[in-house]
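Asks: Those protein sequence lines, which keep their order, are chains A and B. Everything in the first sequence is counted per this note's numbering, starting at 62 for the first residue and increasing by one. Everything in the second sequence is counted per this note's numbering, starting at 16 for the first residue and increasing by one.
Incorrect hints may appear among the rest.
Okay, the calculated bits of chain A under chain B, using three or more residues with CB under 8 Å as the criterion [claimed, not checked]:
id: 1; stretch: 180 to 187
id: 2; stretch: 204 to 218
id: 3; stretch: 247 to 260
id: 4; stretch: 430 to 441
id: 5; stretch: 491 to 505
Some but not every residue of chain B turned toward chain A, in silico, with C-beta under 8 Å [claimed, not checked]:
id: 6; residue: Arg-51
id: 7; residue: Ala-55
id: 8; residue: Ile-79
id: 9; residue: Gly-81
id: 10; residue: Ala-85
id: 11; residue: Val-88
id: 12; residue: Gly-89
id: 13; residue: Gly-107
id: 14; residue: Asn-141
id: 15; residue: Leu-143
id: 16; residue: His-148
The hints are simulated quantities; they were obtained by calculation from the structure and are not laboratory data. Since we're looking at a predicted model, the values are computed, not measured. Ideal placement from N, C-alpha and C gives every residue a C-beta, glycine not left out.
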Amino acid sequence: MRIDRLKKIPILEPGHTYGTITDKISSIVLAGRQPRLWYIGFGIAFLFTNVFLLSVGILFLRGVGIWGINIPVAWGFAIINFVWWIGIGHAGTLISAILLLLRQNWRTSINRFAEAMTLFAVANAGLYPILHLGRPYFFHYLMPYPNTMGLWPQFRSPLVWDVFAITTYATVSLLFWYMGLIPDLATLRDRSTRSLPRMIYGVFAMGWRGSARHWKRYQTSYFLMAALATPLVISVHSIVGLDFAYSIVPGWHVTIFPPYFVAGAVFSGFAMVMAIAIPLRKVYNLEDFITIRHLDYMARVMLGMGLIVVYGYMMEIFIAWYSQDPLELYLASNRFSGDYSWLYIALIAFNVLIPQALWSLRVRTNPLLLFIISIFINAGMWLERFIIIVTSLHRDYLPSSWNIYIPTFYDIALFLGTIGLFFALLFLFIRFLPVISIFEMRELVKEQEEQLGSAEAEPGD
Amino acid sequence: MDDRIEYHRLFGLMAEFIEPEGVVEAAKHAYREGYRQMDAYTPFPVEGLPEAIGEHKNILPLLILGGGIAGAVGGFAMQYFATVIAYPLNVGGRPLNSWPAYIPITFELAILAAAVAAVLGMFFINGLPQPYHPVFNVPEFDMASRDRFFLVIETKDPKFDREGTYQFLKDQGAHRVTEVEV
């Protein structure tokens, strides 16, 4: 019965027309003045963007020795954060591409900022492996190009696959996002009253005029882009999983890694979408467009993905026992009782126990609780990558090379810096571009009108 | 109508509709009347409208398929060339052409080329970027990106007749009919 009540909550509050939707969403950008929270948020994010610039600058001057990495733990924060950020990005593509193909029309009000989130997360992710190179100024060696040394990248290595996967992913995400923005940029061009914004939006709108012939090709292109992005997003995190699974390190050499990484990526990505959507709808009064039903649906996806991740954790332990390999068994027990066991216990609490609250409808429809849970999931997924990377590496095959990994000030500064950069870009995006896809919302209005019309036509329904 | 545009400066006649169904009906009637040089402008894709104005063909899917195939073939060829011809490296006696390991990059490059073809192909066939178009000369046209639906019959259509077409569009229930200057 409670479910029935939820079904009555529309994905778009009634009473909206094409015009009101257009005005409401474009006014966030065109009104100029932002709510006070925007200034506070952007200020803090900008501060941390400067922390980011400083930590990168000092890194370039002094090298990776300023980080806590050592041998055997050579990957440390840089790769943990790389995997974490790229995982966050995946929810944006999932919402914009997979849900589009599945014709889930509730995606409409969240896909634009989820895609923006993808772009900024991938930008951060892409930086880490480059910064982690001992000599980052040689990063172009990763690209295949004819050079005087006659050298080529090792195409049999997952690390090189990763370069192709991430650059393709970043490019396709950017194209998809920009293409989706064009009709809305045309709207902003037509709505803005001052000449400079009109000119800038006009240039980026490319002269879009909403011609029916253009729309036809636009939709073909948009749907096929979604069809291309769907296998792409799965391949990207599978390849990230293979970075680990291809090696013979205990705890990494497992076939479950690619799918388990994809599920973990979607899990943390939806948590980040939730963590952004809840304050956004509140501050900009977008409750009509991002309704409780959206939050409920996202929470369900999170719960489902979380359960796949739990299955992954169980399989890791099961395979260690089933293989009876002494190194695998040692690693499994080290996770529970070693130096990092408190992090493993926190990980189980954040990723396994806390998300179980999402079974309750009352939790799924409570924005504050969802916000708190999604922060825990983001932290939990970060801990998962920490556990995977650090516990496996710090107990090497040779006990003489065993070591402990402790992040330094610069590790943490760079991590906080990338979070600052991410949010600074997000705040700028909210300020200058429409956070909700306007033209798709207009389509939603039409769809809803048609549904209402057919419901009225059927008496007794 | 004293401020009428001289005929040689006339691009066409623009009819404005409030509902998407109105513009689809009008476009269907116009096509049945024999008009071919026309276009409709809407704030979102309206189902059936491209077909109503006689737009049926779409080569974009083929173009995207071509991009995907080119990316896959090119990607595999690059890896084959590098590892078999340009820099053969014997690792434990394994075959130089270790094709299963080349699949991920082949796949990624297929997706990349297909996606670039999808977006650039769409721009190219649509003739974008196009900084100038006569329809922007009509002040009310800025509603085409908000909540109005427009049908423009162009003067280059052989059936175009200033008075007759004007009357035809009025009869379709247009909210307003305006002349569009070139």
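Asks: Run the structure past the numbered hints and jot down the numbers of the failing ones, going up.
Replies: 1, 4, 6, 9, 10, 11, 12 and 13
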